[in-house]
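If you read the sequences in order, they're chains A and B.
Residues 38 to 388 in the working numbering are what the first sequence lists, from first letter to last.
Residues 38 to 388 in the working numbering are what the second sequence lists, from first letter to last.
It should be emphasised that the hints constitute simulated quantities derived from the structure, not laboratory data.
Since we're looking at a predicted model, the values are computed, not measured.
Please note that the accuracy of each hint is not assured.
No copy is singled out in the list; a pair is fine if it fits within one copy or between any two copies.
List of simulated lysine to aspartate or glutamate pairs, EDC-like, C-alpha gap at most 16 Å [stated by the list, open to error]:
id: 1; residue 1: K222; residue 2: E181
id: 2; residue 1: K81; residue 2: E382
id: 3; residue 1: K265; residue 2: E323
id: 4; residue 1: K170; residue 2: E368
id: 5; residue 1: K369; residue 2: E171
id: 6; residue 1: K265; residue 2: D322
Number of protein chains: 2
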Amino acid sequence: MNTDSYDNIRAIEWRDDCLYLLDQRLLPHTEKYIALSDVVAVAKAITDMVVRGAPAIGVTAAYGVVIAVRSRYQQEGDNWHASIEQDLHCLAASRPTAVNLFWAIDRMRKAMETLPEGDPTAVLLTEAIAVHKEDIAANHHMGELGAGLISPSSGVLTHCNTGSLATGGYGTALGVIRSAYRAGKLSCVYADETRPWLQGARLTAWELVQDNIPVTLQADGAASHLMKQGGVHWVIVGSDRIAGNGDVANKIGTYHLAVAARYHGVKFMVVAPTSTIDMQLSCGDEIPIENRPQEEVLSLGGQRIAPAGVSAWNPSFDVTPAALVDAIVTEKGVVHSPNAAKMRELMSSAG
Amino acid sequence: MNTDSYDNIRAIEWRDDCLYLLDQRLLPHTEKYIALSDVVAVAKAITDMVVRGAPAIGVTAAYGVVIAVRSRYQQEGDNWHASIEQDLHCLAASRPTAVNLFWAIDRMRKAMETLPEGDPTAVLLTEAIAVHKEDIAANHHMGELGAGLISPSSGVLTHCNTGSLATGGYGTALGVIRSAYRAGKLSCVYADETRPWLQGARLTAWELVQDNIPVTLQADGAASHLMKQGGVHWVIVGSDRIAGNGDVANKIGTYHLAVAARYHGVKFMVVAPTSTIDMQLSCGDEIPIENRPQEEVLSLGGQRIAPAGVSAWNPSFDVTPAALVDAIVTEKGVVHSPNAAKMRELMSSAG
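Take the sequences, apply the hints, and build the full model.
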């Protein structure tokens, strides 16, 4: 879809009438694609984090709708409409926080409303591919916009994985880092390892190694110590849902970083397509935060690290208030010091 | 040494003329003591973190001096003085940040100055046992003092391990949590897992399970999210070295917590014996911060988590400025809102 040398990784591929997902649970040690051809398996792959990252979940769900409709049409012919809602519900129940999931299902539902007679698969597949391609294009555009905010010789710190693996391709926050690096603006890139799932150590590091972008991993707790030393000028993160006032839900640890960034005078950039913005919610308190299994904290790579008899708290996301955000970068433009009025203006613009 | 039901764990034991260390690298899965009878092995055990925690390193070093002198006396008779300095240097070079190491060696060196004729082992062993017993007594006293600062129904969050494993016994910050729990003051105890070495998940959790004190583990990045929800009233930590102005070096991630605590109006308590206070240093910038091997971040329990080609930054400690500390609890008393004048007053008091 793109010949950019910084855009070779695809976590999601549609080929041979089948959806292939790169199993992100096995990275960086094993690169294995899983073929999916029924909607329950697609939903389970999202729940189990075979694929993760808000935009990637959205793209996967779009293809999941194609798979669901194709299967219903094969089984029930023109009556497929009657039973499709339960499949869409199954997809929507896979994870609660990333609004891109619901956005993609809604977009596919709209495409269903204007279908020609007969097999709906081809038209819906075209729509899902459009969702995928538009996400990649949005990421490249956001990459340029975000890089434009960064001064030469800047140090940046990112959290979680927001690259090709978390999106249709190229990445949101990591797309900005790719673009800024290519423009020669970055003196160093730091990545939080991002416990408990280690998206930084396993996924972000793997992507940047493939791009030959030097990256230094750190324990999540080291961030304030790093900022105090003055080597970091921007914290750059993605988002799973942005509320109508600019409050940002993202991977647990993001809010901890935002508090530290403000304390140290480090700027804080959120990079997300407008499919991540949920204007239905007036503020971040209304964003549902997924609590994932305790086992993700108590173990690591299947290896138990904590003693028996201990419990763990494992919220997968936190909410950073808009007041701590310096810029939200979307494919429609940049919102500086976001608030409700600016978010409404962004969303009503032609983009 | 103490019959307290909350004080049954001993990381350091002297028996049968030998030093036994509980190998903390293997906890919580395996409880194995290592017997040490030469000083190079004692220094290596400190470097390799068989034993860790500033007060425990101090106690271990005191016994290490006994082992060194005994060996030199056996080999060289009354000429043992001539060669002992190289052993003390070997011990002192084992780790750079915890000042208790140098404090203990200095105290043992003073005991060497007034030895009677003949075999010095018994007198020096008595001194090392005194160092050990005094540390335990200090911890119990600090436990009471620190618990006295905590209001009923408080939630607390701790970082790293500061319990019996990190000290002669009972613990510093974890001693305060033990005392406050026994006094019925705690509504909940949260522990950071404390990457990269997982002292919280592996050691603090293990100690609290044995004491039947309920504890909830969390990823280090979750701290601000927890504080925002209002369930935590005190962050309670230990220290590896406190400068003369009250700046506090402690496990990496502590400063990140202190910044977050101040932002959320959560109080911040440091618990450390006066052997941790280094009045030679005017501020925290002068404290040497150990950088440990990258491998501790890139791997976990011998299992590689990051891809090849990635580097990691692994500072073992950070420095929290005195301005972010609400109270330093020592065996000589509590210093509120520490500064240089208050620290001098504390150290010159009879205590």
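Hints and how they fare:
Taking the shortest alpha-carbon separations for K222 and E181, only the intra-copy value of 12 Å comes in at or below 16 Å, while the best inter-copy value is 54 Å. For the homomeric pair K81 and E382, neither the shortest alpha-carbon distance inside one copy (37 Å) nor that between copies (63 Å) is at most 16 Å. Taking CA atoms no more than 16 Å apart as the test, K265 paired with E323 passes between copies only; the shortest distance there is 15 Å, against 33 Å inside one copy. In this homomeric assembly, K170 and E368 come within 16 Å of each other (Cα to Cα) only inside a single copy, at 13 Å, whereas the closest approach across copies is 65 Å.
For the homomeric pair K369 and E171, the shortest alpha-carbon distance inside one copy (12 Å) is at most 16 Å, but the shortest distance between copies (66 Å) is not. In the homo-oligomer, the alpha carbons of K265 and D322 lie at most 16 Å apart only across protomers (11 Å), although the nearest pairing inside one protomer, at 30 Å, exceeds that limit.
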